[in-house]
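Asker: Single-letter residue listing:
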Amino acid sequence: MKLSEIAKIIGVDFNGEEREISSMSTLKDADATQLSFVSNSKYIKDIQESHAGAIICDSATQDAVPSGATALVVDNPYWKMAVISAYFAPALEDIDSPKAVVGEGSVISPNATLANGAIVGKNTQIMAGVYVGSNVEIGDNVTLYPNVVIYRDCKIGNSVTIHANSTIGSDGFGFATNQLGEHKKIYQNGNVILEDDIEIGSSTTIDRAVFKSTLLKKGVRIDNLVQIGHNCEIGEYSVFVAQSGSAGSTKLGRNVVVGGQAAFAGHLEVAAFSTFAARSGVTKTIKESGKTFAGFPLMDHRVWLKLQVKLARLIK
Amino acid sequence: MKLSEIAKIIGVDFNGEEREISSMSTLKDADATQLSFVSNSKYIKDIQESHAGAIICDSATQDAVPSGATALVVDNPYWKMAVISAYFAPALEDIDSPKAVVGEGSVISPNATLANGAIVGKNTQIMAGVYVGSNVEIGDNVTLYPNVVIYRDCKIGNSVTIHANSTIGSDGFGFATNQLGEHKKIYQNGNVILEDDIEIGSSTTIDRAVFKSTLLKKGVRIDNLVQIGHNCEIGEYSVFVAQSGSAGSTKLGRNVVVGGQAAFAGHLEVAAFSTFAARSGVTKTIKESGKTFAGFPLMDHRVWLKLQVKLARLIK
Amino acid sequence: MKLSEIAKIIGVDFNGEEREISSMSTLKDADATQLSFVSNSKYIKDIQESHAGAIICDSATQDAVPSGATALVVDNPYWKMAVISAYFAPALEDIDSPKAVVGEGSVISPNATLANGAIVGKNTQIMAGVYVGSNVEIGDNVTLYPNVVIYRDCKIGNSVTIHANSTIGSDGFGFATNQLGEHKKIYQNGNVILEDDIEIGSSTTIDRAVFKSTLLKKGVRIDNLVQIGHNCEIGEYSVFVAQSGSAGSTKLGRNVVVGGQAAFAGHLEVAAFSTFAARSGVTKTIKESGKTFAGFPLMDHRVWLKLQVKLARLIK
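Protein chains in written order, with the numbering used here: chain A, -10 to 305; chain B, -10 to 305; chain C, -10 to 305.
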């Protein structure tokens, strides 16, 4: 998409250097072919260091845009980013892609749907009612139980099992809101990557990234009815018990254990080998590894036990 | 259905005026062609003012039944209402209705199912495994991702997106319980209405009304794994984050924001522009608009923060 | 499977009496044709009284193995049990079983899938996108709404209704973890049994047992988005409101009422007629029947109300 067209759509007078924009990304990740945006002046440093080809910004941040990037100055950069994100969204299915390819020994139910461009490995079983989207890649020895849905462009490693009615790659929950309280969808043009040896329960939902990938690393175990938000990164062998969840962009180290109904706020980092008791509510980054937590607000598990004793006394 | 037949089914000696009863409704909403019921003497005023054609009541409430209505006096009105509700339930599908009608430019997967009587607008995409029930009306520019289920009689506006494995119009959780502890289903003969420009995540469930409609107004945004109970009304542009929910008959104003895992009890009213932090538990009506809450029991968000400080001191 | 083969797979020098092992079970339930295991020396008494044909144990527990059983002594019995469980797992579908049998008056959608060996009773309705696994038995007057998934070997009684996108019989969340933090799946070779007159909401998940059965007794009512863990037993007429759940092996008596978002830890026993307010967190066995509880940690409901008053004072 031409930069001049983008400028026109978001209502910017464009007289800079024309260039082709391939996609959108964050200030940190964008390269010269990509469009980025800034909606908050606390990201000044990220703007200055960005390699993006163009940046949607407002008058308060435009001076920070580096010389290599074209500044597209608007009143509400976040809203305009949402507007333009629709133009980078692919079709629901790539009708013109070649038919799905299935490896040796794999069994695909006649009642499953493989969209064009999908690639399935060897000795994989895809049961009735499963939907595999365009360009999805599925490894060897995978089992997809009935009615699993894999949205387009996601990647599923080897020896992955996904139980019935789970969804991989639905849109992350992203939108801009204007002063009238109206919402504008931010198209989620990333994907989900599941590495090898992962098991996911039934009716679990793992959202695709807004840019790049939501990532579950090798050996992760996820129970039923769990929510993993867009752009999360779940470390090797981490475990989510039923009805737990994480908001977007949170990164867990390896072997983190998340109890039932526990949850993480977004944009946190959680050290490896952390354990969270059932219904923990995690709103801060955890830097020290190997500790056990409980409660909401979160506290050391032993402190939580102590607090319960104090509260019990309060009642008497 | 004849009133005399209804009387016979619930074991009432009938010698009043015969009339045709078309359906059931609440005391407030019922008209002369409808049957209503009262199970609690605190609704005396609603009985007196009801325009229902007949009212199932007990000996404690029968005197309040107005002259225009026939009183059907029983020992356990709520149980008998449940018994009779089955007789007003439509078939799972209207086999004799005309085949589904699909508007110009719409793409229906060959693996989707449109029941007889369904009407689909223009430029709508219905993907594999989707089920659209009898008499469902779907607008223009709608996207139903794979395996979405829309129960019969529901209405979906224009520019609505529903993600995979979500269910619109499943039965509300309603039953009567007798003194032996047995349950009797109250058939949920209402529907769900989604207005325009709504997005709903994956594996979310929105129950149909027992009578009339569960209503989501224009611009609502619902994340994954959210539960909306029967007869709720969700105001314009309101937002439910993942794993939150509402019990039945709660009414939210516009632009209410509901954090992850937060929940509402039933039969509440919530003022516009209210914000609820993650895991809030709302058990009381909120009259003043524009405030922010947290905790369970619910409190002002600033008070909740103060309480956490006090509790932290308690531990030391 | 021959005992000598099992010994070989888990790396034990075998010179005992050869025997045929049909399946695996717990120390308490196993008979002479079954293999059991012990992973914790606190189960010494269960070992001593076990009727298992063979027991995987370690050096600390091997002396307790009774003379009727062969001790298979390994370093990590739980991990080795997981390894061997894979060998007792049946195929995803029994391709060679006879075609599904459907009783008189039943209506099966052409878009539903009945695996070989399934048996469906009379006047049952199976809607589009439903999957019924091998050897599943379904009674009379059952309604399975679209996209319900019933895994192989489960049993559904008469007059059961299951709403859209729910899953019956997905694998319980079971795995062993070694000292490197890696996980090994424990195959869930049991099933789910639903007795008569049960209703289950949409997007609810009920896991199959690791051995034997997860059991829902007559008259149970389960709302949407509820999780029932493997090997649970839910008493007659018990009620789970939306987004509640139970971890594995918990047993509820009859007419237990579980509020929205409430949850049980595993391996508990809960007395009949117990009531749990919304969001209760139950971590201890409840012996006295007929009481009402709230909070997490759980307390008598009246005490919980009192605690809220005390906390309110704390803030002032």
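To be clear, the hints were calculated from the coordinates, so they are not data collected in a lab.
Where hints are given, some of them may not hold.
Since the list gives no way to pick out one identical chain from another, each pair is judged satisfied if it fits inside one copy or across any two copies.
To be verified - Calculated cross-link-like contacts (lysine-lysine; reagent style DSS-like; alpha-carbon spacing at most 25 Å):
1) 144 - 201
2) -3 - 88
3) 295 - 273
4) 88 - 280
5) -9 - 174
6) 17 - 280
7) 31 - 276
8) 305 - 295
9) 305 - 276
10) 34 - 280
11) -3 - 173
12) 111 - 174
13) 174 - 207
14) 174 - 201
15) 273 - 34
16) 111 - 240
17) 144 - 31
18) 174 - 17
19) 144 - 17
20) 88 - 174
21) 305 - 34
22) 17 - 88
23) -9 - 240
24) 299 - 207
25) 111 - 273
26) 173 - 207
27) 173 - 144
No experiment lies behind these values; they were computed from the predicted model shown.
Asker: With reference to the structure, classify each hint as holding or not holding.
Answerer: Hints, one by one, checked against the model:
1. For the identical chains of this complex, residue 144 and residue 201 are intra-copy neighbours only, at 12 Å inside a copy versus 35 Å across copies, given an alpha-carbon limit of 25 Å.
2. Taking the shortest alpha-carbon separations for residue -3 and residue 88, neither the intra-copy value of 37 Å nor the inter-copy value of 45 Å comes in at or below 25 Å.
3. Within a single copy, residue 295 and residue 273 get their C-alpha atoms as close as 21 Å, and across copies as close as 18 Å, so both meet the 25 Å cut-off.
4. For the identical chains of this complex, residue 88 and residue 280 are neighbours neither inside a copy (49 Å) nor across copies (54 Å), given an alpha-carbon limit of 25 Å.
5. Taking identical chains as interchangeable, the C-alpha atoms of residue -9 and residue 174 lie at most 25 Å apart only when both belong to the same chain, with a minimum of 22 Å there against 51 Å between chains.
6. Proximity of residue 17 and residue 280 under a CA criterion of 25 Å is satisfied in neither setting, with 31 Å inside one chain copy and 35 Å between copies.
7. Taking CA atoms no more than 25 Å apart as the test, residue 31 paired with residue 276 passes inside one copy only; the shortest distance there is 23 Å, against 36 Å between copies.
8. Within a single copy, residue 305 and residue 295 get their C-alpha atoms as close as 16 Å, and across copies as close as 10 Å, so both meet the 25 Å cut-off.
9. Proximity of residue 305 and residue 276 under a CA criterion of 25 Å is satisfied inter-copy only: 23 Å between copies versus 38 Å inside one chain copy.
10. Proximity of residue 34 and residue 280 under a CA criterion of 25 Å is satisfied in neither setting, with 33 Å inside one chain copy and 34 Å between copies.
11. When the C-alpha separation of residue -3 and residue 173 is checked against a cutoff of 25 Å, the pair qualifies only within one copy, where the shortest distance is 18 Å, while the shortest distance between copies is 55 Å.
12. Taking CA atoms no more than 25 Å apart as the test, residue 111 paired with residue 174 passes between copies only; the shortest distance there is 21 Å, against 38 Å inside one copy.
13. Taking identical chains as interchangeable, the C-alpha atoms of residue 174 and residue 207 lie at most 25 Å apart only when they sit on different chains, with a minimum of 14 Å there against 32 Å within one chain.
14. Taking identical chains as interchangeable, the C-alpha atoms of residue 174 and residue 201 lie at most 25 Å apart only when both belong to the same chain, with a minimum of 17 Å there against 30 Å between chains.
15. For a Cα distance limit of 25 Å, the shortest separation of residue 273 from residue 34 inside one copy, 23 Å, qualifies, whereas the shortest one across copies, 45 Å, does not.
16. In this homomeric assembly, residue 111 and residue 240 never come within 25 Å of each other (Cα to Cα): the closest approach is 31 Å inside a single copy and 42 Å across copies.
17. For the identical chains of this complex, residue 144 and residue 31 are neighbours neither inside a copy (34 Å) nor across copies (44 Å), given an alpha-carbon limit of 25 Å.
18. Only within a single protomer do residue 174 and residue 17 lie at most 25 Å apart by alpha-carbon distance; the minimum there is 22 Å, versus 39 Å between protomers.
19. In this assembly of identical chains, residue 144 and residue 17 lie within 25 Å of each other by CA distance solely inside one copy; the values are 24 Å within and 43 Å between copies.
20. In this assembly of identical chains, residue 88 and residue 174 lie within 25 Å of each other by CA distance neither inside one copy nor across copies; the values are 31 Å within and 34 Å between.
21. Taking identical chains as interchangeable, the C-alpha atoms of residue 305 and residue 34 are never at most 25 Å apart, the minima being 55 Å within one chain and 40 Å between chains.
22. In this assembly of identical chains, the alpha carbons of residue 17 and residue 88 never lie at most 25 Å apart, being 36 Å within a copy and 53 Å across copies at closest.
23. When the C-alpha separation of residue -9 and residue 240 is checked against a cutoff of 25 Å, the pair qualifies neither within a copy, at 34 Å, nor between copies, at 46 Å.
24. With identical chains, the CA atoms of residue 299 and residue 207 are never at most 25 Å apart, being 42 Å at best within one copy and 42 Å at best between copies.
25. With identical chains, the CA atoms of residue 111 and residue 273 are never at most 25 Å apart, being 42 Å at best within one copy and 47 Å at best between copies.
26. Taking CA atoms no more than 25 Å apart as the test, residue 173 paired with residue 207 passes between copies only; the shortest distance there is 13 Å, against 35 Å inside one copy.
27. Only between protomers do residue 173 and residue 144 lie at most 25 Å apart by alpha-carbon distance; the minimum there is 23 Å, versus 28 Å within a single protomer.
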